[in-house]
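Chemist: Residues per chain, in single letters:
2 protein chains.
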Amino acid sequence: MIEPGGYIRDIFKKPLGAQVEAHGWVKTRRDSKGIHFIQLNDGSTFQDLQVVIEDGAVPETALAAATTGASLRVSGELIPSPGAGQAVELKARDLHIFGPADPATYPLQKKGHTMEFLREIAHLRVRSNTFGAVYRVRNELSVAIHKFFQERGFLYVHTPIITTSDAEGAGAMFRVTTLDLMNLPRPVDNTADFFGRPACLAVSGQLEVEIFSLAFTNVYSFGPTFRAENSNTPRHLAEFWMIEPEMAFCDLDGNRKVAEEFLKYIIAQVLDHCQADLEFFNKRIDNTVLATLEHVASSSFEHVPYAEAVRLLEKSGRNWEFPVKWGIDLQSEHERYLTEEVFKKPVVVTDYPAEIKAFYMRLNEDGKTVRAMDVLAPRIGEIIGGSQREERHDVLAEKIRAKGLSEEDYKWYLDLRKYGSAPHSGFGLGLERMMMYLTGMKNIRDVIPFPRTPGSAEF
Amino acid sequence: MIEPGGYIRDIFKKPLGAQVEAHGWVKTRRDSKGIHFIQLNDGSTFQDLQVVIEDGAVPETALAAATTGASLRVSGELIPSPGAGQAVELKARDLHIFGPADPATYPLQKKGHTMEFLREIAHLRVRSNTFGAVYRVRNELSVAIHKFFQERGFLYVHTPIITTSDAEGAGAMFRVTTLDLMNLPRPVDNTADFFGRPACLAVSGQLEVEIFSLAFTNVYSFGPTFRAENSNTPRHLAEFWMIEPEMAFCDLDGNRKVAEEFLKYIIAQVLDHCQADLEFFNKRIDNTVLATLEHVASSSFEHVPYAEAVRLLEKSGRNWEFPVKWGIDLQSEHERYLTEEVFKKPVVVTDYPAEIKAFYMRLNEDGKTVRAMDVLAPRIGEIIGGSQREERHDVLAEKIRAKGLSEEDYKWYLDLRKYGSAPHSGFGLGLERMMMYLTGMKNIRDVIPFPRTPGSAEF
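So the protein lines, in turn, are chains D and A.
Anchor point for the first sequence: position 348 equals 348 in the working numbering, and the numbering is continuous, going up by one each time.
Anchor point for the second sequence: position 365 equals 365 in the working numbering, and the numbering is continuous, going up by one each time.
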């Protein structure tokens with residue numbers, strides 16, 4: 001197997017003259033008179049290893065089978081490359097084919113494919129330049145997220161996927177069942193279902209991370225969440241990954257501070273570790289990617305209360321598609337105006353009207369706004385949403401009743417305010433939304449390995 | 001908020017005389033004449049911070065409310081502790097109560113509670129000694145897993161949770177649906193369901209990580225998996241977390257090597273970072289925990305083919321509950337005998353009969369065994385299961401047909417053997433099973449934040 005030091009990215013670091021062995025898949029092949037060039041990739045880095053094979057240097061049958069898509073092992077010497085695009089190349093002494101790929105049927109040929117076509121062959125698109133870069137960035141982003149929180153003493157918590165509590169009533173949920181749909185008795189007996197009552201896929205782990213923050217102080221979750229909305233857009237997935245930190249003894253100011261540090265940190269880490277991949281996105285997908293990321297990573301975020309944001313939008317003189325007045329939820333056009341044109345850097349809007357936010361957000365003294373915050377970033381608008389939570393038992397109970405929710409269903413959530421309650425705050429970041437921001441990819445289906453959308457759950 | 005340096009575990013590292021501020025929850029409180037002792041915990045470490053309060057040093061009302069379960073902030077000076085159990089204590093100068101906890105109703109009182117009782121208050125059990133230790137170990141274990149693979153250049157992959165492919169037919173699955181069960185038309189129209197056909201919760205991400213390993217060489221998944229088996233035992237969960245590495249250009253020997261290094265590494269990391277927690281488990285839960293872990297971490301694992309294992313069991317002279325002969329699946333009694341009595345260290349059994357293993361395992365030359373491996377460990381038996389995968393297209397297609405599975409359903413899986421196939425191998429580790437091994441906890445429901453079992457999915 002390939003051990004550290006054996007990947008192609010490590011081979012690039014070896015000295016000229018080194019005897020090396022590389023494994024990988026043929027990206028492209030080109031034949032000249034008496035000499036053959038193979039671009040070999042093992043997924044460890046964007047850059048292919050150029051393999052040069054002189055006639056007679058390796059077995060004929062192996063050479064013949066080394067076509068696009070084939071997997072092989074090649075050994076030889078690292079020599080300076082006269083060609084453009086790489087400093088070194090591998091002069092082959094031996095070649096072994098593990099698995100050929102019939103050029104007549106292999107779907108991933110040299111020329112560019114549409115994203116739609118590649119989506120249909122998600123088991124092979126992983127070998128393309130674009131998706132190689134996407135999944136390396138996704139790996140680095142995930143690692144950076146854990147690193148940020150672990151360095152700060154946050155405890156990683158696995159919140160439940162299957163849940164019997166509707167949480168915040170946040171949108172449509174998938175039912176999880178072992179009832180036999182083909183032979184369902186009428187009326188349906190939910191007590192006969194696996195969990196003895198209806199169960200769903202969680203839309204958030206927030207309420208559960210609150211439990212942990214009120215015992216471990218600073219915690220975070222990082223796991224899949226689900227929405228059963230019938231939204232067939234480039235921005236919606238039925239299954240996506242969320243990161244939800246929660247901090248006890250922390251108010252909205254602390255929350256803002258963590259969110260800002262967090263965003264800058266993960267961007268800086270990806271900029272640091274995925275340079276070649278990001279350069280590819282900048283060149284081929286969206287030429288504003290690098291500049292935006294570098295700008296965000298070095299900005300001091302602006303803070304503006306909602307009421308002030310509304311004033312700025314009202315006096316903008318713009319003709320908004322969604323008219324602005326106090327009480328509306330900000331739309332993408334408003335968010336982007338604030339971050340891209342007014343402040344020209346990320347903006348944290350706080351203290352939204354209670355009416356448009358979830359019941360668990362802390363009520364301000366004015367009785368009409370809550371300690372919510374949205375982080376808006378240039379090119380995308382809202383990227384993080386969070387709040388200080390309502391930690392006062394009676395205020396929370398009243399809000400639960402006012403929303404028509406059942407106090408009994410939220411008994412445990414209220415218990416947290418009854419026993420050792422404390423100010424606490426947190427936020428949520430959608431991994432795929434962050435991936436789109438990092439890569440410039442335009443369709444959210446192309447930044448997750450296996451997208452789940454209405455009518456589609458392949459693999 | 002608490003930043004690095006402000007946790008109780010950091011306060012313990014400060015010099016005597018330091019002025020410090022601590023936040024946390026009162027574990028216990030004891031009053032003497034003119035002096036009050038509070039054991040304060042913020043979840044950052046097993047050890048409580050002892051707070052000493054002299055009469056008159058802090059406001060009376062705050063002191064009165066500082067009972068078990070209350071959350072507070074206390075500031076003062078770090079002084080040497082005359083008492084047993086701690087080197088330093090905090091002499092309080094000021095005390096602020098965030099949230100009291102009525103001693104008349106707070107369920108988590110000083111004296112020991114049964115695990116069953118604590119399971120019913122999963123939102124409060126997190127504050128107990130036992131569960132504090134459990135979730136710190138779970139965090140450290142999760143971090144160690146990522147660290148091991150990242151250091152070796154493995155790419156982290158998020159495999160799908162919702163799936164339309166039955167994978168290996170590995171046990172009962174949960175159906176995921178948006179059909180209205182209360183008004184289901186007959187016959188059921190599966191094309192009207194969210195994904196246009198029946199979808200389930202994945203039992204494994206293995207087939208999907210194979211896709212990634214055949215593009216990125218070494219990869220791993222770490223995510224939730226699901227079984228809808230109606231098993232109400234201390235070893236079964238309906239929802240649990242799995243780690244599934246997959247390595248291209250890697251045969252069963254390489255697989256064995258990675259599994260051995262992996263197990264030793266994660267055990268060593270937890271031994272290193274969770275010393276106080278493990279000592280607690282060793283003292284209060286299972287007094288063989290530490291010795292077993294240290295033994296495994298320093299052992300060279302034994303390798304024995306299945307046929308040889310069966311011979312050893314046959315000639316043991318034991319009266320097995322499950323009689324032994326070539327062809328049976330090894331039971332816990334057999335596994336523990338091999339690892340605990342014959343070899344007295346972890347054992348990797350390989351080359352099991354094809355009949356009792358999944359279709360995707362590579363067929364040996366003998367035509368009747370496959371390149372499977374199970375890692376058996378003292379005190380628990382099987383802890384890891386894996387195999388070299390069948391990489392030969394025609395052999396795999398034949399096995400799929402022989403198992404009565406549909407070649408069409410596995411078209412993409414067969415494609416991987418058609419285009420650039422390569423020897424590849426991998427294994428799976430159940431996170432909760434490893435947690436039981438590390439902690440000695442006897443019921444799997446007590447090593448996951450929110451257990452899902454037949455009839456139960458609280459929170």
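Keep in mind that a hint or two might mislead.
[Said to hold, decoys possible] Distance condition first, Cα-Cα at most 25 Å in a straight line; then the derived DSS-like pairs of lysine-lysine:
#1 K418/D <-> K13/A
#2 K27/D <-> K411/A
#3 K357/D <-> K325/D
#4 K315/D <-> K344/D
#5 K418/D <-> K27/A
#6 K147/D <-> K111/A
If you are wondering where the hints come from, they were derived from the structure by calculation, not from laboratory data.
Chemist: Evaluate each hint against the coordinates.
Modeler: Checked hints:
Taken as a hint, the K418/D and K13/A pair is broken in the structure, with Cα atoms around 33 Å apart against an allowance of 25 Å. Taking the CA atoms of K27/D and K411/A, the gap is near 23 Å; set against the 25 Å cutoff, the hint holds. Taking the CA atoms of K357/D and K325/D, the gap is near 16 Å; set against the 25 Å cutoff, the hint holds. A threshold of 25 Å between alpha carbons decides the hint, and for K315/D with K344/D the separation of about 17 Å falls inside it, so the pair holds.
For the hint linking K418/D to K27/A, the alpha-carbon distance of about 16 Å falls within 25 Å, and the restraint holds. At most 25 Å may separate the alpha-carbon atoms for a hinted pair to count; K147/D and K111/A exceed this at roughly 37 Å.
Of the numbered hints stated above, those contradicted by the structure are hints 1, 6, listed in ascending order.
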